[in-house]
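Starting from the known structure of chain A, fit chain Z with the ligands onto it as the hints suggest.
There are 2 protein chains.
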Amino acid sequence: MQGLMMNDPLLVTGILKHALRNHADQEIVTRLVEGSIHRYTYAEFGRRVAKLAHALTRMGVKPGDRVGVMGWNTHRQLELYYAVAGLGAVCHTINPKLGPQNAGFVMGHGGDRFVFFDMTFAPLVLGIAPYLPMVEGVVAMTTAEEAAKLPGEVPDYETLIAGEDDVFDWPSFDENTACALCYTSGTTGQPKGVLYSHRALVLHTFASLLPTSIGAAADDVILPVVPMFHVNAWGIPYSALLVGMKLVLPGPGMDGASLHELIAKERVTYAVGVPTVWLNLLAYVNENGLDFGALKYTLVGGAALSRKIIEGYEAYGVRTRQGWGMTEMSPIGTTNYEEEGFHDLPTEERMKRQLRQGKALPFVDMRVVDEAGSPLPWDGETDGNLHVRGPWVVERYYREDETATTEDGWFDTGDVAVIHPDGRMQITDRAKDVIKSGGEWISTIEIEDVALRHPSVCQAAAIGMPHPKWQERPLLIVQAAPGAEMDTAAVKAFVNEKLPRISRVDDVQVVDEIPLGATGKVLKTELRKRFEGYVLPE
Amino acid sequence: MQGLMMNDPLLVTGILKHALRNHADQEIVTRLVEGSIHRYTYAEFGRRVAKLAHALTRMGVKPGDRVGVMGWNTHRQLELYYAVAGLGAVCHTINPKLGPQNAGFVMGHGGDRFVFFDMTFAPLVLGIAPYLPMVEGVVAMTTAEEAAKLPGEVPDYETLIAGEDDVFDWPSFDENTACALCYTSGTTGQPKGVLYSHRALVLHTFASLLPTSIGAAADDVILPVVPMFHVNAWGIPYSALLVGMKLVLPGPGMDGASLHELIAKERVTYAVGVPTVWLNLLAYVNENGLDFGALKYTLVGGAALSRKIIEGYEAYGVRTRQGWGMTEMSPIGTTNYEEEGFHDLPTEERMKRQLRQGKALPFVDMRVVDEAGSPLPWDGETDGNLHVRGPWVVERYYREDETATTEDGWFDTGDVAVIHPDGRMQITDRAKDVIKSGGEWISTIEIEDVALRHPSVCQAAAIGMPHPKWQERPLLIVQAAPGAEMDTAAVKAFVNEKLPRISRVDDVQVVDEIPLGATGKVLKTELRKRFEGYVLPE
Ligand SMILES: Nc1ncnc2c1ncn2[C@@H]1O[C@H](COP(=O)(O)OP(=O)(O)OP(=O)(O)O)[C@@H](O)[C@H]1O
Ligand SMILES: Nc1ncnc2c1ncn2[C@@H]1O[C@H](COP(=O)(O)OP(=O)(O)OP(=O)(O)O)[C@@H](O)[C@H]1O
Ligand SMILES: [Mg+2]
Ligand SMILES: [Mg+2]
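First to last, the protein sequences are chains A and Z.
Per the numbering used here, the first sequence starts with residue 13, numbered consecutively.
Per the numbering used here, the second sequence starts with residue 13, numbered consecutively.
Careful: at least some of the hints might be erroneous.
Stated by the list, open to error - Here are the computed lysine to aspartate or glutamate pairs in the EDC-like style, where the Cα-Cα straight-line distance is at most 20 Å:
| no. | chain 1 | residue 1 | chain 2 | residue 2 |
| --- | --- | --- | --- | --- |
| 1 | A | Lys277 | A | Glu39 |
| 2 | A | Lys510 | A | Asp391 |
| 3 | A | Lys29 | Z | Asp391 |
| 4 | A | Lys533 | A | Asp518 |
| 5 | A | Lys364 | A | Asp382 |
| 6 | A | Lys29 | Z | Asp377 |
| 7 | A | Lys510 | A | Asp420 |
| 8 | Z | Lys541 | Z | Glu484 |
| 9 | Z | Lys277 | Z | Glu46 |
| 10 | Z | Lys29 | A | Asp420 |
| 11 | Z | Lys29 | A | Asp186 |
| 12 | A | Lys308 | Z | Asp231 |
| 13 | Z | Lys29 | A | Asp434 |
| 14 | Z | Lys29 | Z | Asp186 |
| 15 | A | Lys504 | A | Asp518 |
| 16 | Z | Lys308 | A | Glu452 |
| 17 | A | Lys29 | Z | Glu351 |
| 18 | Z | Lys277 | A | Glu352 |
| 19 | Z | Lys308 | Z | Asp377 |
| 20 | A | Lys29 | Z | Asp434 |
| 21 | Z | Lys541 | Z | Asp524 |
| 22 | Z | Lys308 | A | Glu393 |
| 23 | Z | Lys481 | Z | Glu452 |
| 24 | Z | Lys364 | Z | Glu326 |
| 25 | A | Lys308 | Z | Glu352 |
| 26 | A | Lys448 | A | Asp420 |
| 27 | A | Lys510 | A | Glu361 |
| 28 | Z | Lys29 | A | Glu351 |
| 29 | A | Lys74 | A | Asp186 |
| 30 | A | Lys29 | Z | Glu452 |
| 31 | Z | Lys541 | Z | Asp518 |
| 32 | Z | Lys29 | A | Asp391 |
| 33 | A | Lys277 | Z | Glu350 |
Read the hints as simulated data drawn from the structure, not as lab findings.
So here's chain A without its partners, still in its complex pose:
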């Protein structure tokens, strides 16, 4: 028997409407590409989204069309998120850090009819676009004055929307309509496209706003340092607006000084980003004897949280909560929220727990399975391949005919994990990174966490190296903290003293810079190339 309730669709436009009618006076603050600060209210934002929707319509953007955006976290990209989706078209966020070749690949693969870009990326976009026949036009996300500095006649965003009506009558349509397209980070191979539906993103927004998920409140001032060019900045552009948070967008200012300034001046209380960003910012604040102002929380994800971050921020009264997710999961799959009494645990026990990836959001199911695909127990010990499913998990990659799921409908994350009896999941590694030593699996995440605790180390990566007896053994590669002396023997002694016997590293090597990928994650593929032929000491 069917229920007899209205069947209104879950559209991203619903978030926009709610934000405008209920939080019209709230602020959105942006550091512009030009460096200055731009600020306006939700109400003004809403009027510009309407203008943009009219402009896009005039340009001929139709439902289903892909509109590419290559930009920093700014108010203009936010306007594109809502205007493009609101029309029933698809906002394709392009990661500029993929490099020209991959960026060209995703634009072509995405089939973008138009590409909007920030001035920083003008050379990249203007260089690639001519080779992509489906790209009918590009728009510089800036003023006429700034755009005039570009070679040729490049239309600018402000002129584009200037003459348009600031009210738009948003259409209603099926909630399974695509609204956004994003490619994975390319950490392990070629980026794959994930085509989000309105339904998936709205449900993800609701679930991520639960107190047991990100747990930010309506009066938080939120700073998504995670880029809007990657998995919708973890949904903050939707979740912040739904409950009316003050939204602070860092633009191109991802360095310690710019972030610190923004956090201090805008009284940011909640910030979201990948570990490398938090390590950089921490170093900047430490070196300059500053503090974090009103900041209460950081949500850390995209790569494993480290004890160095937890303790480093705690020293300033800032708490860290880990989240785990994937482009394929819209992206949040788990969050490691603190239960009652958590902060009263003895330090070592608490650290152990705080480094877990956390509990699944509602309606997300998880399992760990062995090589044969049989589910393993949730005992906190047995690790296996992590599978997920749920309303905001990918079913099929963009332009693929085959499903991305197992025969029984699960998505294999490519991560290796254990699940603790209380439901907390802990990633031990990526399946591709795990070190296989004498039949046992060694977690590179654990090694890196310990290495980062050494004061001279500012980045660390462990990779498996061939070993005559054990098949593979860990090599630890480190990058020295600015100004620090690096004594690799001392680092080796330091980490091996703290690691279980099996995980002890066979060698430590120093590099000038650990290579980071398009979303700030360590590129182990690069490191493996660099250390090809290297032989572990006896």
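Same frame as chain A, but now just chain Z with the ligands:
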């Protein structure tokens, strides 16, 4: 273009699964019909839900079947909520206070195959059931020992589930499947059935957990005084479990002493109920020189919040937040959450605002329209008929062929309201209760709010009486606080001094008891009958 995400359905079972895997050790505490306190963990609850699902299957309950429940807020009713819905059947909660005739009507109209009941209602259910041919069986929600006290051989709940397996493999099905049936309160006429879908209730759960909705957190201890026999106790049985709150169920103990004891002993922090309950409890606490322990918040709805409640609870450090909703809305439509700075407003201004019904939940749309159906401005002044729409709003009443909506797809609430420019809605009255005086509409809610502020008044109701010149004028009917002397002239002077000229009451009359309906709301229909023929003084 369709998105490429998994299409897993939103089922109430998803809430259950999430609660069990993530919050297994959390507690559910119940005051039993026998008076003692029962407590168990979510884990134990889950095992019993599974046993019950097996028992129901054995009894022959099939998808789509209606299973009636007439009971207090207890763990057994909670188990029925989840087990029945999990099977794809429909949990029909029956309001025992409807009286035998209406209760019989709703059981028959609902077409319940089985009826579960609490011992309190044994006479009612055992008296009616034999006249209802579709009711194949009844079950007393108690132990064998207690059920043995009933006439005849009545099966009991504990024996029913005792031998069953405590694991159940929940089926998956279309999220638009019906999962619960509830009839309106019958305040204005015959109760109407609303058939909720899984989708509607899951979405309502997500939306009501936003910090801008009920705003209870995972570590709150929540007490739904609102009955589970009416609109799913405002969704608390779902929302509390989704984030793992400790749930305290008051059973039949709705009097001041029982509620106070439970709040104190279980350290309740968040309580939810209708105004009459809060007035009673406040009087009890005042009279006995007690306090509210750990209670921080009450959510008040179902009828208008009054200043007497706000100030009465504030004196004990407890905040009140108003919610507005309807059986037809699953039920929450608006909540009046406090924005930053709210508590620093001057008292009179704050009271004015705190008495508003609040802002619509996301995805709920509201409008006020004039008699011709044209939308009116959100100016905080122009009142009209309140229309709503959204994914948890009724489309059609149960067993009706016709839609319950307007031609353009809105549901007319039967309430008269204004909407303020900031999106806050304020009910001025029910369309049926509003007093029409010389072409103007007088809000009975405003009169009652002022009347309740008089120390001798514990209940108040204003109704329109025929008037030769003005068509109608207000008559105020009051019930004296226990032990209070009632000076109607003084009350009249007191209220008229505070009311706008047009709303001043023409007379004050005292009754021993203001009649309350099945969900604790003033029955103005009754009062109108009682005062038929009464003539207002010149
Ligand atoms: N909190 C976390 N701890 C450990 N790893 C994490 C965490 N959050 C995310 N990850 C890693 O990031 C992955 C998802 O990242 P993303 O979707 O951005 O692309 P990618 O997997 O890095 O790139 P590609 O799939 O193209 O190789 C996860 O599968 C996991 O390996
Ligand atoms: N916060 C509130 N302030 C004022 N009125 C409220 C509030 N909350 C609910 N109500 C009233 O309760 C009504 C919904 O109540 P419910 O669905 O329980 O049945 P009912 O309307 O009382 O009964 P029936 O529809 O059978 O006459 C609303 O239409 C409104 O009149
Ligand atoms: Mg990946
Ligand atoms: Mg009604």
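Agreement of Lys29/A and Asp434/Z with the hint, judged by alpha carbon distance not exceeding 20 Å: The given pair, whose Cα atoms are some 13 Å apart, holds under the 20 Å limit.
Given hint Glu452/Z paired with Lys29/A - CA-CA distance at most 20 Å: Since the Cα atoms of Lys29/A and Glu452/Z sit roughly 33 Å apart, the hinted pair is violated (cutoff 20 Å).
Agreement of Lys308/A and Glu352/Z with the hint, judged by alpha carbon distance not exceeding 20 Å: 17 Å, holds
Hinted pair Lys510/A and Asp391/A, Cα distance within 20 Å: Given pair Lys510/A, Asp391/A is violated - Cα atoms ~23 Å apart, limit 20 Å.
Pairwise hint evaluation, Glu350/Z against Lys277/A, where the allowed Cα distance is 20 Å at most: Cα-Cα ~25 Å, so violated.
Hint consistency between Lys533/A and Asp518/A [alpha-carbon to alpha-carbon, up to 20 Å]: 24 Å, violated
20 Å Cα cutoff - pair Lys29/A, Asp391/Z: Since the Cα atoms of Lys29/A and Asp391/Z sit roughly 18 Å apart, the hinted pair holds (cutoff 20 Å).
Restraint status (C-alpha distance of Lys29/Z to Asp434/A at most 20 Å): 13 Å, holds
Hinted pair Lys481/Z and Glu452/Z, Cα distance within 20 Å: 13 Å, holds
Given pair status - Glu484/Z, Lys541/Z, alpha carbons within 20 Å: OK: Lys541/Z and Glu484/Z at ~16 Å, within 20 Å.
20 Å Cα cutoff - pair Lys504/A, Asp518/A: Answer holds: Lys504/A to Asp518/A is near 8 Å, not above 20 Å.
Lys510/A paired with Glu361/A [C-alpha distance capped at 20 Å]: 15 Å, holds
In terms of the numbered hints stated before, the structure departs from hints 2, 4, 5, 7, 11, 16, 19, 22, 26, 30, 33, listed from lowest to highest.
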